[in-house]
Amino acid sequence: MENLIALLVAAPLLGAAVLLCGGRRLDAAGHWLGTLLAAASFVVAAVLFFGMLGRGAEDRALHQTLYTWVPVESFRADLAFQLDQLSMTFVLLITGVGTLIHVYSIGYMEHDERRRRFFGYLNLFLAAMLLLVLADNYLLLYFGWEGVGLASYLLIGFWQHKPSAATAAKKAFLVNRVGDIGLSIAIMLMFTTFGTFAFGPVLATADKASEGTLTAIGLMLLLAACGKSAQVPLQSWLGDAMEGPTPVSALIHAATMVTAGVYLITRSGAIFDAAPTAQTAVVTVGAVTLLFGAIVGCAKDDIKKALAGSTMSQIGYMVLAAGLGPIGYAFAIMHLVTHGFFKAGLFLGAGSVMHGMNDEVDMRKYGGLRAYMPVTFVTFGLGYLAIIGFPGLSGFWSKDKIIEAAFAKGGTEGWILGAVTLLGAGITAYYMTRVMIMTFFGEKRWQPAPDPHRAPDVEPAAADDGRHLAAGPVGSPAAEGPAGHPAGELPDPHESPRSMTVPMIVLAFGSVFAGGLFSINSAFVHWLEPVTRFEHGHPPVSAAVITTATLVVLLAGAGLAYAQYGRRPVPVTAPRGSLLTRAARRDLLQDDFNHVVLVRGGEHLTRSLVYVDHTLVDGVVNGTAASVGGLSGRLRKLQNGYARSYAVSMFGGTAVLIAATLLMRAV
Amino acid sequence: MSAWSGSALSAPGVHSLWTESAPGGTADAAAHGAASGAAHEAAHAVARMTLAAARPVERIPTPKIEYAQLAPVLIVLGAAVIAVLLEAFVPRRFRHYAQLFLTVVALAAAFAAVVGLAAGGHATTRAGIAAMGAVAVDGPALFLQGTILLASLVAVFTFAERRLDPADHGHRVDSFAAEAAAVPGSEQEKAAVRAGFTTTEVFPLALFAVAGMLVFPAANDLLTLFIALEVFSLPLYLLCAVARRKRLMSQEAAVKYFLLGAFSSAFLLFGIALLYGYAGSVSYGRIADVVDGSAAPVDPALASTMGNDALLLIGFALVLMGLLFKVGAVPFHMWTPDVYQGAPTPVTGFMAAATKVAAFGALLRLLYVVLPGLRWDWRPVMWGVAIVTMLAGAVVAITQTDIKRLLAYSSIAHAGFILAGVVAATPSGVSSVLFYLAAYSFVTIGAFAVVTLVRDAGGEATHLAKWAGLGRRSPLVAAVFGVFLLAFAGIPLTSGFTGKFAVFKAAAEGGAGVLVVVGVISSAIAAFFYIRVIVLMFFSEPQADGPTVAVPSPLTMTTIGVGVAVTLVLGLAPQYFLDLAGQAGVFVR
Amino acid sequence: MSFPLLTATAVLPAAGAVLTAAVPAGRRTAAKWLALLVSLGTLVLAAVVTVRFEPGGARYQLTESHAWIADFGVRYELGVDGIGVALIALTALLIPFIVAAGWNDADEPAATATRRWRPTQGFFALILMVEAMVILSFEATDVFLFYLLFEAMLIPMYFLIGGFGDRAHAGSDEHAAAQRSYAAVKFLLYNLIGGLIMLAAVVGLYAVAGNFSLPGIVEARASGDLTMATSTERLLFLGFFFAFAVKAPLWPLHTWLPNAMGEATAPVAVLITAVVDKVGTFAMLRFCLQLFPEASRWATPVIVVLALVSIVYGALLAVGQRDIKRLVAYASISHFGFIVLGIFAMTSQGQSGATLYMVNHGISTAVLMLVAGFLISRRGSRLIADYGGVQKVAPVLAGTFLIGSLATLSLPGLAPFVSEFLVLVGTFARYPAAGIVATTGIVLAALYTLVLYQRTMTGPVKEDVRAVKDLRPRELLVVAPLIALLFFLGVFPKPLTEIVDPAVRHTMSDVKQQDPRPEVEAAK
Amino acid sequence: MNPVNYLYLAALLFTIGAAGVLIRRNAIVVFMCVELMLNACNLAFVAFSRLHGNLDGQIIAFFTMVVAAAEVVVGLAIIVSLFRSRHSASVDDASLMKL
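Protein chains in written order, with the numbering used here: chain A, 721 to 1387; chain B, -8 to 580; chain C, 666 to 1189; chain D, 7 to 105.
The hints are simulated quantities; they were obtained by calculation from the structure and are not laboratory data.
Among the clues, some could well be false.
Said to hold, decoys possible - Under the rule of at most 20 Å between Cα atoms (straight-line distance), these lysine to any residue pairs were calculated in the SDA-like manner:
(1) B:Lys237 to B:Thr539
(2) A:Lys882 to C:Phe718
(3) A:Lys882 to A:Ile901
(4) C:Lys1159 to C:Gln844
(5) A:Lys1357 to D:Lys104
(6) B:Lys237 to B:Pro175
(7) C:Lys1134 to A:Arg834
(8) C:Lys1127 to C:Ala1050
(9) C:Lys1057 to A:Asp747
(10) B:Lys181 to D:Lys104
(11) B:Lys181 to D:Val52
(12) C:Lys1057 to C:Asp1129
(13) D:Lys104 to B:Thr539
(14) B:Lys55 to B:Leu65
(15) D:Lys104 to B:Glu170
(16) C:Lys1127 to C:Asp1051
(17) B:Lys181 to B:Pro52
(18) D:Lys104 to B:Arg236
(19) A:Lys882 to C:Lys1057
(20) B:Lys237 to B:Ala541
(21) B:Lys181 to B:Asp159
(22) C:Lys1159 to A:Arg834
(23) D:Lys104 to A:Lys882
(24) B:Lys237 to D:Val52
(25) B:Lys237 to D:Ser91
(26) C:Lys1177 to A:Ser794
(27) C:Lys1057 to A:Glu833
(28) B:Lys237 to D:Arg92
As the list claims (entries may be wrong) - Some residues of chain B that are not near chain C, with every Cβ distance over 12 Å (derived):
(29) Ala59
(30) Val72
(31) Glu178
(32) Thr390
As the list claims (entries may be wrong) - Sample of chain B residues with no beta-carbon within 10 Å of chain D, all distances over it, derived:
(33) Pro157
(34) Asp283
(35) Asp329
For every residue, glycine included, the Cβ atom is placed at its ideal position computed from N, Cα and C.
Pulled out of the complex, with its shape left as it was, chain A reads as follows (with noise of 0.2 Å):
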């Protein structure tokens, strides 16, 4: 049995590199093949999920350990897997969203030329962010952690052409970077401490170490965590990142990849729960996150960059879980797993529409878009609902509990953490009503004229797409991209084709019931029970209270949006807004704070040292040489070419020659 769990990581390996390595004469067949050996690795891991249900709670976990991969003295890093119910989580998620999205994908890169390479990425990431919550130690985690962070590099810069997907690919990998540099510090941290790093002995001995010492890894987790999870202080990356193309934007900034935070957090859960200090900070960070990615999503008009603030408001809920401990790590989970479906069918939604208006972006160009296309508009309502809460979907079990546990963390720290969930509520059901109204409803905003200064870069490509739109949906074109897409083509809104609107149809139903079945006499608890532990909180008012009161700021936050979208018309222009509101969409100048603070002053250092290393650093050499050169000159000028003088020389020379013999003596 445990013989299969490399296979997970293998197929979609595999598919990764044959893609990749493989050349032309696979574009004909690649995304069939990458689509294919996503869905194996999905069979095999439901195989492995009937087979772990088959067995008794305690001996669910299987071990699968290939080979020594760092063997140095006492530092040892294996190859080894480890499949335990947290793992078993994310791999069906992964490999179910993913198949999922393979399939999307093949319809919206249709008309790309690089479709092969794509599906190859897609591939490279499912396998990396198999590894990633398969390892059984954290060096493993790490290798994992990094081949997503590459995939995402990838794929957000898959329109490599575009500078902007240039540098957000960019920008999104050093972020992550920094990020990485805690995990990295944590690894060392527990060698220096355990002696090991792999998961078992560390979290098994975890409470024997200092605690100073496990605050310290705790807050280095918790950076390798905001830095994936594009939570506070690291997110910034994340709003760029949706200049890949949808599919990546559901499936790994979005389902996945992400969430692969909270995963860490809840894998360490021994070492946190151990460092108070450090959980203070996990819960501090998604609480602030949480509030930040949600006033960011209700100022954007870019309806992938709306999706992105709520996306990050979301995680921030589940770290916040994760950071109450056993009481919340369950939750935290479930959360993810329901936000995997709902966030990737809203994405996916957003995508086909994308796909109806010529890859435009823009919410105030859209309006009444329910008529044009209807399955479009169903699924992406069904993930609206799930994603504020509306009662019975997924979204409402999920954040409801982790209200109810933030609200039992106790004391004035649960008080607050209570009222920053319910207002997070709040806001979410503003700024998702207010995408679903600009969107789908109210009048159609969506006759542009030729806009003028479009016209120059009218290219030969334009005549293709034109065909695509006659044919049906426009793939971006790998050509020039959406930025180039043809001038004064009306966008005329139709259904995406059948393997874009399935997969979004599967996921609506995800996000309909999931929440619903993970909460029958709370199974899912219990299934994560025996790795995560799960205790009850117990919330100072009762939860009926609470789950009302949600349910009142809900409507709340979706009453305002309806008062300010639903009731009068969208301006196609953004007003200039509120002083919040213009911060917001600056993502409330973090970037320009990143800019001027990290790259400019780093501009600054960088050339400044350059001018040192070649002044100072090389100046000195280069001196000395010049000064012996020119002692030489100097010197040589004695022999000036008269005998008489040399004569003088040897005389002189000869007088010093008895004087110093003459002071030898005397000394």
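Starting from the known structure of chain A, fit chains B, C and D onto it as the hints suggest.
Relative to chain A, chains B, C and D alone:
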């Protein structure tokens, strides 16, 4: 040294009597050592007689000369004399060949003699003093003589090279003036050229010089030292003056060399006088004894002078100066660049190699045999000289623009390195110096031989700018020269490195770590200009009016070949030669 | 007296060099093939060495010892430990690729070629000569012999740098030639001065020890037969270390490297940084630590600081570069910082990591630099600003370049990650602060490599870049195996670590250091 | 009379000679100054010979004279040839080679 206990005994009275009654006594033209040496038995006899009655002194036995042990010198001297006769009697067109043949044979024979002596154990066990104490036949002497002979042998090949310049009026021409006496550019000169005259006198001159050089490091008393110095200097002065091209420079070089040389030898002589005054003798052994105070018996006069260290120290300083001049140590080096540049290149090579060997040999003997008792006085002084020489040589060389001057300065820097070995004042110091000299002399001759090949309309193109891109024109020559430069720079796998390491090692063992550090620094500086030449030859584009590289006759090829061979062999497998030098490291006293 | 395997591995390329140089001017292709075959033959021999070497066996294996220069206490002593084997393998492995990559670099238009002037032959002969000397220096267990080679290998390198410049240069040929010879002279002088200072130390060592046999001296010191005054040992250590720090190169002695790598052809640049410079770090590990353990420990703090400076400083300067090859050069400086850090962290992880790092850095830089060289030769410019969108016109080239970059930023799964992480862990275990500072190098590495990739490969296609062709088969053949090796060693470094670890264990015991014990003894 | 005085005289002559070498331009005169130095040496030798009462010094004096004569031969030859080609015997004129 046994010969000298005699003169220690010789009483003043006896000598004064001699001076009155037997003026013929001084007519003894042999080394003065003969006179007092013979005195050993004679003195007492004579003394007794004088008491009896003033009868004419009986004959003084002729000094005994170990001809076998002096064979190398005698062979060369004899050959030189014959060569003079050849000049007188052999018709012009044969002279070149006759002279060349004679010289080569003589040098080879002399070398054979040296080898024979060494094989006969004269270098080690049977080392002794010949010619009534005038000449030492011991390890260092034989080793250096052998080196000098080989060096001059290959050098003579370049003397005889006649293929570098196009034939002039159908006569092959070498590097020497058709008629040295003729005014440059005069009708007389043109006539001489037309007649195809050549200065074949260079061969006898060289032979005389070599003879002097052979004696110089072997000299065992100060007079012999002085004579030997003059014997090899005077021919060199003349050799400098007889270049075929750039005759004015050649003559100027000669004049400078001559005047300064005479000047320095005057100092040397005065130094000898003072030492004589101090010790009452010019014999190394005797002086050494007096210095250590182990001399016996001590007559009143000697006692009075012995008390006076000023005589000793000043005398020593002056003699030292005379030798340092020949060595080319700062601040007595200033003749070197001019002379090296002005002299005919083959002569320069010969001088640079052989003179240094001879002079350092003499210096070693002086310091190790005569003045070991004075070590604490001379070591610091020599330290100073060594340091200044190393640094000054290297530094000034950086800005040179003429290849011959460049090599001259490099030779100064090398003198400094060798001095570092000399200062070590240990047997290993001696052997390291011997090895270094052997290695260095062949590199030098080879390098100057290459210089003779690079020519343009005005003869040798010695200006560095002309060497640009030589590597592209004729890679082989450039590569060979590169090898020599690397050897000069002391890059590993060349003889230069082995020698340098040996010397530094000796210095370090001798407790002169500072010298090692300074040596390292100056080698670093020196490396710069050797590299500059390499850059010039290989990395810069050749000029349109660049020089041509003459294809030499087998003679020069041999010289260069030997140079390269020795450089590499001593670099890769030096052990055998180190052993030789090691065995030859002990001076007889 | 068995077959002198080690000598053979050095003699073969040396002989090959002579033969190659002797090939007549008209037959330069023959010369190329000859050089390639010889280098491959050397690779085979190196493989044999690797196989014949038993990790568990004696410290120095396949030893040879012959009398050489008794007067200097010098013997011709060879022997390899794991570290030596690894580096010999690396050298022998890279040279064929360097030869193949430089296939046409030295060819001159027939116009300037004369009967005697044979640049192509010279080029390959010099490369082989360098290989011979480097390999022998990895084998030498006699300090003098090592020094000899350490110095001698400068000369062929010097001619390679100064004689065969990068065709792609800004400005006139004269200017380029001037730049080139400046770079060559700078290279030679820096290393020569370092070497001469080392010479003083070598002489000093002789004065102290009386012979040059490394095992002998180590043995004598361990048994107390040979004692050094503290001050003496420190001075000698500094003398040795200075030379190696120049070669490595360590800040602030690094400035020769960017010039040299910038002006030299890409293959030669690889030769410099991937092969020759390794001799420096190798020598630190073998000679500094073994001959002068106390002094090494004494100097460690300073050296660690210098290493850290190199890491950060090199990386920052790499960010600031406009010239692709100079960028790689500064990146190398940063990496050498890591290597030195690992060596002087004095932990087994650090030192194994450092050794692996030498190998991996050699391979990764080779990939990056060679691909960069191919790119530069196509476009005829080294300036980053002259590129853009290459990925569109030459995807394979871009892909390989990306892999090279990822290796340089030590991405897990590629070889450099293993070594870098080992170095970091090893350092952190002893000097946590240093370890943390070093980790910033990770981010900076990502910065300069990705910025380079973004500016050259992505974005809209520049006009002059449109003409750029994708990799030719020969070039792909050069890069592909190296990339494969990067992946292999990235996921399965065990073969390497198994060879290296015993040697590291010996070194650790020489410097009398144990790995720090973990805070909590974890239940294994 | 005390032989030491002869030594002082010798030293004086020697110095005069040396000074002459340094001061005078004419090659012949310079050369003669060198000769003067040699003769100073001779004087010293003879004086010491007397002092020590052995013959060596006097014998050396003869050798010195011979050497001096030889030097004259060589020296004059060189100087004259220089004079003929330059029409000047000034040592300072002979300064083609410098630096």
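Consistency of the hints with the structure:
1. Among the hinted pairs, lysine 237 of chain B with threonine 539 of chain B is consistent with the structure: their alpha-carbon atoms are about 18 Å apart, no more than 20 Å.
2. Of the supplied pair hints, the one linking lysine 882 of chain A and phenylalanine 718 of chain C is violated, its CA atoms being roughly 53 Å apart against a limit of 20 Å.
3. Restraint check: the Cα-Cα separation between lysine 882 of chain A and isoleucine 901 of chain A comes to about 29 Å, which exceeds 20 Å; the hinted pair is violated.
4. For the suggested pair lysine 1159 of chain C and glutamine 844 of chain C, the alpha carbons sit about 44 Å apart, so the restraint of at most 20 Å is broken.
5. Annotation: proposed proximity of lysine 1357 of chain A to lysine 104 of chain D holds, straight-line Cα distance about 8 Å (limit 20 Å).
6. A distance of roughly 9 Å separates the Cα atoms of lysine 237 of chain B and proline 175 of chain B; the hinted pair therefore holds under the 20 Å criterion.
7. Annotation: proposed proximity of lysine 1134 of chain C to arginine 834 of chain A holds, straight-line Cα distance about 19 Å (limit 20 Å).
8. At most 20 Å may separate the alpha-carbon atoms for a hinted pair to count; lysine 1127 of chain C and alanine 1050 of chain C meet this at roughly 10 Å.
9. Taking the CA atoms of lysine 1057 of chain C and aspartate 747 of chain A, the gap is about 16 Å. The hint holds against a cut of 20 Å.
10. Pair hint lysine 181 of chain B plus lysine 104 of chain D does not hold up; C-alpha atoms about 29 Å apart against a cutoff of 20 Å.
11. For the proposed pair lysine 181 of chain B and valine 52 of chain D, the alpha carbon gap of about 51 Å is over 20 Å, so the pair is violated.
12. Distance hint between lysine 1057 of chain C and aspartate 1129 of chain C is fulfilled; the C-alpha atoms sit about 13 Å from each other, no more than 20 Å.
13. Between lysine 104 of chain D and threonine 539 of chain B the alpha-carbon distance is near 26 Å, which puts this suggested pair outside the 20 Å criterion.
14. The hinted pair formed by lysine 55 of chain B and leucine 65 of chain B meets the criterion: a straight-line CA distance of about 15 Å does not exceed 20 Å.
15. Straight-line distance between C-alpha atoms of lysine 104 of chain D and glutamate 170 of chain B comes to about 27 Å, which puts the hinted pair past the 20 Å bound.
16. Note on lysine 1127 of chain C and aspartate 1051 of chain C: the hinted pairing holds, with a Cα-Cα distance of about 8 Å set against a maximum of 20 Å.
17. As the CA atoms of lysine 181 of chain B and proline 52 of chain B are separated by approximately 56 Å, the hinted pair breaks the 20 Å bound.
18. Distance hint between lysine 104 of chain D and arginine 236 of chain B is fulfilled; the C-alpha atoms sit about 18 Å from each other, no more than 20 Å.
19. Note on lysine 882 of chain A and lysine 1057 of chain C: the hinted pairing holds, with a Cα-Cα distance of about 11 Å set against a maximum of 20 Å.
20. Straight-line distance between C-alpha atoms of lysine 237 of chain B and alanine 541 of chain B comes to about 18 Å, which keeps the hinted pair within the 20 Å bound.
21. Between lysine 181 of chain B and aspartate 159 of chain B the CA atoms are separated by roughly 11 Å; this keeps the pair inside 20 Å, and the hint holds.
22. Using a Cα cut-off of 20 Å, the hinted pair lysine 1159 of chain C and arginine 834 of chain A is violated, with the two alpha carbons roughly 37 Å apart.
23. Taking the CA atoms of lysine 104 of chain D and lysine 882 of chain A, the gap is near 69 Å; set against the 20 Å cutoff, the hint is violated.
24. Of the pairs offered as hints, the one joining lysine 237 of chain B and valine 52 of chain D is violated, with about 45 Å between alpha carbons and a cut-off of 20 Å exceeded.
25. Restraint check for lysine 237 of chain B and serine 91 of chain D: the C-alpha separation of about 12 Å stays at or below 20 Å, so the hint holds.
26. For the proposed pair lysine 1177 of chain C and serine 794 of chain A, the alpha carbon gap of about 18 Å is at most 20 Å, so the pair holds.
27. For the suggested pair lysine 1057 of chain C and glutamate 833 of chain A, the alpha carbons sit about 12 Å apart, so the restraint of at most 20 Å is met.
28. At roughly 13 Å between alpha-carbon atoms, lysine 237 of chain B and arginine 92 of chain D fall within 20 Å of each other, so this suggested pair holds.
29. With a minimum CB-CB distance of about 31 Å to chain C, alanine 59 of chain B clears the 12 Å threshold, and the non-interface call stands.
30. Every CB of chain C is more than 12 Å from the CB of valine 72 of chain B (nearest about 41 Å), matching its label as outside the interface.
31. Glutamate 178 of chain B, annotated as away from the interface, keeps every beta carbon of chain C farther than 12 Å; the closest lies near 43 Å.
32. Distance check on threonine 390 of chain B: its Cβ is at least 16 Å (rounded) from any Cβ of chain C, clearing the 12 Å threshold; non-interface status holds.
33. Distance check on proline 157 of chain B: its Cβ is at least 25 Å (rounded) from any Cβ of chain D, clearing the 10 Å threshold; non-interface status holds.
34. Every beta carbon of chain D lies more than 10 Å from that of aspartate 283 of chain B, the smallest distance being close to 19 Å; the non-interface claim holds.
35. Chain D draws aspartate 329 of chain B into its interface by the beta-carbon criterion, the shortest separation being 4 Å against a cut-off of 10 Å.
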